[in-house]
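Chemist: Spelled out, the chains give:
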Amino acid sequence: MTALVSPVVPETIPSATPYLQMRGITKAFGTLLANDHVDLTVRDREIHAVVGENGAGKTTLMNILYGLIHPDSGEIVIDGSPVRIRGPRDAIAVGIGMVHQHFQLVPVMTVAENVVLGQEPGGIVVDRRAAVRQVGELSERFGLVVDPTARVETLPVGVQQRVELLKILYRGSRLLVFDEPTAVLTPQETDELFEILRGLVAGGKTVILITHKLNEVMAISERVTVLRQGRNAGELETAKTSPAEIARAMVGREVLLRVERDEAHIGEERLRLDGLKANSDRQLPALDGIDLTIRSGEIVGIAGVSGNGQLELAEVIAGLRPVTDGHVFLGGEDVAHQTTAERRVHGLAYIPEDRQARGLVLPFDVKDNLILGSQSRPPFAQRGQRNSDAVDERAKELIQRYDIRPPDPEAPAQSLSGGNQQKVVVARELAENPKVLVAAEPARGLDVGATEFIHRQLIEQRDHGLAILLISSELDEIFSLSDSIAVIYRGHIVEVVPSAAADRERIGLLMAGGTIEGGTPSASQVAQAAAALANEPPGTPPVESAHQ
Amino acid sequence: MRMLAAGITPVLAVVLAIIVGGIVVLASGSNPITAYESMLVGAVGSPFDISETFISSIPLILAAYAVSFAFRSGLFNIGAEGQLYMGAIAATWVATTLSDWPGLPLIIVCIVAAMAAGGAWAGIAGWLKAKTGAHEVITTMMLSYVAIDISHWLLEAGPMTPANAFGTPESGPIPPQAAFPVILPSWILPNARLNASLFLTILAGLVFAWILWRTPLGYEIRAVGLNAKAAAYGGINVARRLVIAMVIAGAFAGLAGMVPVWVQMRLYDSFSPGYGYEAIAVALVGKNSAIGIFLAGLLYGAMIHGAVAMQANANISGFLVQILQALVLFFVGAEVLIRWFLRRGGFRALAEAAS
Ligand SMILES: Nc1ncnc2c1ncn2[C@@H]1O[C@H](COP(=O)(O)OP(=O)(O)OP(=O)(O)O)[C@@H](O)[C@H]1O
Ligand SMILES: [Mg+2]
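First to last, the sequence lines map onto chains D and W.
So in my numbering the end of the first sequence lands on 548, straight run, no missing numbers.
So in my numbering the end of the second sequence lands on 903, straight run, no missing numbers.
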């Protein structure tokens, strides 16, 4: 077993033979061609990005590579010789490892136990000490800082991802596949991950990375394969391309990588939080007296390092978390103790940050998900009965308007690609002409085209008078959409500034706890803020920081 | 189409159970063909047997609706047995108390009483779940014991025992005008016992499906069962929906308890041979759908009634039936195994994906 941990000496391969070739991969789900004669060529020791719109077939292609899905046709060639991958076991045997977007760790077990799971050292009885030692060595060798004896459930997401990575390194994988690893990471964690990836490539590994963030593609990849609607739409050298060109290849048209917006026409007060307090899941104070007002026709962005109360804030406003003190005024009425349903009737809509856990009933079909929250109100319910015609009609309208793919109202939500699931949530929440929208990470997992579309929807609704509270861990998103920016730190709003006057440095400092009262932030806080700010590598188009 | 696909597993499960059951019979030295033949003839070979098969099936089907309806909201109602006892007691009590009422109103009041009592009994478990988080597997089970004990107390020289009951634990007779009309004409089968409760069962199935698929309430109950967090987000009062789902489930069970009493026309002590427990299996085999449960209930009823003839004519122990029932359940549960049967290579991938 120790052999697995010993250094993997990369074989010298004539540079003419690519390390991995996938040729003519085709896979149909029913009538839908998820992959249509897709080719993918990855060279040894490169970081290869795979990009494409939501539903373009990226995850499907990677699942085929890893043996989770069996292609209808096509072949996989490694180092020039064709291989048969019938399951993950075969994939692991030929050196392929995969970090899924949804981690596959056992939360109650330790890091070391998770890493060795399935390949435990020792005979019948697992040699725990050996496991801890091996995992420790491994994490040291690859610069993956993690405590082998920590229980996985106690670790932050970014560290859990490292455990997944250690798992595949332990199995001796040479090709590491990451499916949207950065979607769940903070900017700082993303930077750390990229450092690790660079180190791994220097040590002889090869990486395939799926991401929707073009700045990440530009920052880390050497080449890019673009998929569009299940087909190849280009293979580009990162050094010789631009985000705009990649976006064009993905979408098939010009994409505006920034949002155009006019000056806000601010109207009456719609949502006012007054001394709002609430607890976290662990019953510790998470919101410590929030005062904030959002008026018709404006977008207020909440900037903050994640974990400073954003999640709790959204849930408290939505009525999903009890208020311990203070008031929530919705259209002038205190709804602090009203139910979620009552608040929805008052015109509140909410795009939750976790679409799978909160925003969707995954086994329900698309049309049923599109009425969640309105299921008991006309026109969907009439005289205690469901009005199927109204449900169908609404589904047809929204699927078309938001270009939800596949355009099948009866498809279960869980069969949709991640980005299309998000579109279902956004479409639904905007459909009932809300007065106030709480939008938490509205573009998470969306491709550039869809992000542009959703952002335009938000701006359009704002121009029609919607009051929007935008919560996002992407500072770019906050800056490009918000009319004013509120910085949250440890459950306090430390400052509210008009975005025209906002200065990224200053916002970053405030996010890290540098308060106006003159408290000096600690080194780690500054580092966090710097990481948040540095999320703008070369090649990223300038961010529109104020109105036109 | 969707329903067809869902139906494949249970049907295959039954076929596999018959094959494996046949091997068991063969191993015990008897002829499986004779065994199955006598069971089949015993279950549906004559109008009488068909009628009796239905009588065995109806309480199972209704009680299975109780299990499944709760399951749709994410709750394991394994106490249908107790809810069924409460339904039987309430209906009997109303019928014997209001024995001078005319037929139709009396039947209706009895049905309402049975459903209300079953619903209230299950509702207690739902309420405890919503209020305190007490696990429904424990509470419904406990409430079952309580209900059964209440029936013993009432019937064994208790308030419901008639004065002339010579020590047998039973209630007074159900007044004849309260009986369900017999639905088999006497030229087909004289003195048939199969009565209009069959229509009531079909109606119950329609109501079951209607609530779940055609009402906002059903939507909300299913949403709670599939993702309670998303349901709360959608403005659904999860706790209240859980209670309502249990009450409706219990109402089906209450009705299931009334039917056998209305066949025997008297509430006997320990009148249920465990309908509420068998119903869990029927619900599973029926895949929690109205039609599936109806068919699975008929299958189980046929096996139960057919076993009588099989024991008498083929001289094979009635235990074969229990083995068969267990096998059907096993194969339905072992869906993965069946998928493997259908698509050999897939199993490996699945197992590995899960690891
Ligand atoms: N198991 C499945 N059953 C039916 N359709 C599926 C299944 N898996 C994927 N699809 C469909 O195949 C297409 C490609 O999906 P895939 O998940 O590969 O997209 P993706 O490129 O990863 O998208 P995203 O960026 O949104 O994650 C989508 O239209 C999706 O709905
Ligand atoms: Mg994907």
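Calculated directly from the structure, the hints in this document are not laboratory data.
Note that the structure is predicted; figures quoted are calculated from it, not measured.
In this text, a Cβ means the ideal position worked out from N, Cα and C, and glycines have one as well.
Heads up, some of the hints might be wrong.
What the hints assert, rightly or not - Derived CB-CB ranges, DEER-like: (1) 106/D - 685/W: 20 to 30 Å; (2) 683/W - 275/D: 36 to 46 Å; (3) 683/W - 258/D: 45 to 55 Å; (4) 754/W - 378/D: 48 to 58 Å; (5) 682/W - 77/D: 33 to 43 Å; (6) 396/D - 653/W: 28 to 38 Å; (7) 647/W - 396/D: 34 to 44 Å; (8) 685/W - 393/D: 14 to 24 Å; (9) 141/D - 825/W: 52 to 62 Å.
To be verified - Partial selection, computed: residues in chain W whose CB lies under 7 Å from chain D: (10) 690; (11) 693; (12) 740; (13) 741; (14) 762; (15) 763; (16) 775; (17) 781.
Chemist: Given the hint of 48 to 58 Å, is the C-beta distance from residue 754/W to residue 378/D inside that range or not?
Modeler: Given range 48 to 58 Å: violated, Cβ gap about 25 Å.
Chemist: Given the hint of 33 to 43 Å, check if residue 682/W and residue 77/D actually sit that far apart at their C-beta atoms.
Modeler: violated, 59 Å
Chemist: Taking the beta carbons of residue 683/W and residue 258/D, is their distance inside 45 to 55 Å?
Modeler: holds, 53 Å
Chemist: Interface hint check: residue 762/W, Cβ to nearest Cβ on chain D, cutoff 7 Å. Holds or violated?
Modeler: Given a least distance of 5 Å, the restraint on residue 762/W holds.
Chemist: Given a hint of 52 to 62 Å, does the C-beta separation of residue 141/D and residue 825/W actually sit inside it?
Modeler: holds, 58 Å
Chemist: Please check whether residue 775/W passes as an interface residue: C-beta within 7 Å of a C-beta belonging to chain D.
Modeler: holds, 5 Å
Chemist: Taking the closest Cβ pair, is residue 763/W under 7 Å from chain D?
Modeler: holds, 6 Å
Chemist: Starting from the hint 14 to 24 Å, judge whether the C-beta atoms of residue 685/W and residue 393/D obey it.
Modeler: violated, 42 Å
Chemist: Residue 106/D and residue 685/W, beta-carbon distance inside 20 to 30 Å?
Modeler: Holds, since residue 106/D and residue 685/W (Cβ atoms, about 25 Å apart) stay within the stated range.
Chemist: Classify the hint on residue 690/W as holds or violated, based on whether any CB of chain D lies nearer than 7 Å to its CB.
Modeler: violated, 30 Å
Chemist: Can you let me know if the beta-carbon spacing of residue 396/D and residue 653/W is within 28 to 38 Å?
Modeler: violated, 48 Å
Chemist: At a threshold of 7 Å, is the proposed contact between residue 781/W and chain D supported by beta-carbon distances?
Modeler: holds, 5 Å
Checked against the numbered hints given earlier, the structure breaks hints 4, 5, 6, 7, 8, 10, 11, 12 and 13 and satisfies all the rest.
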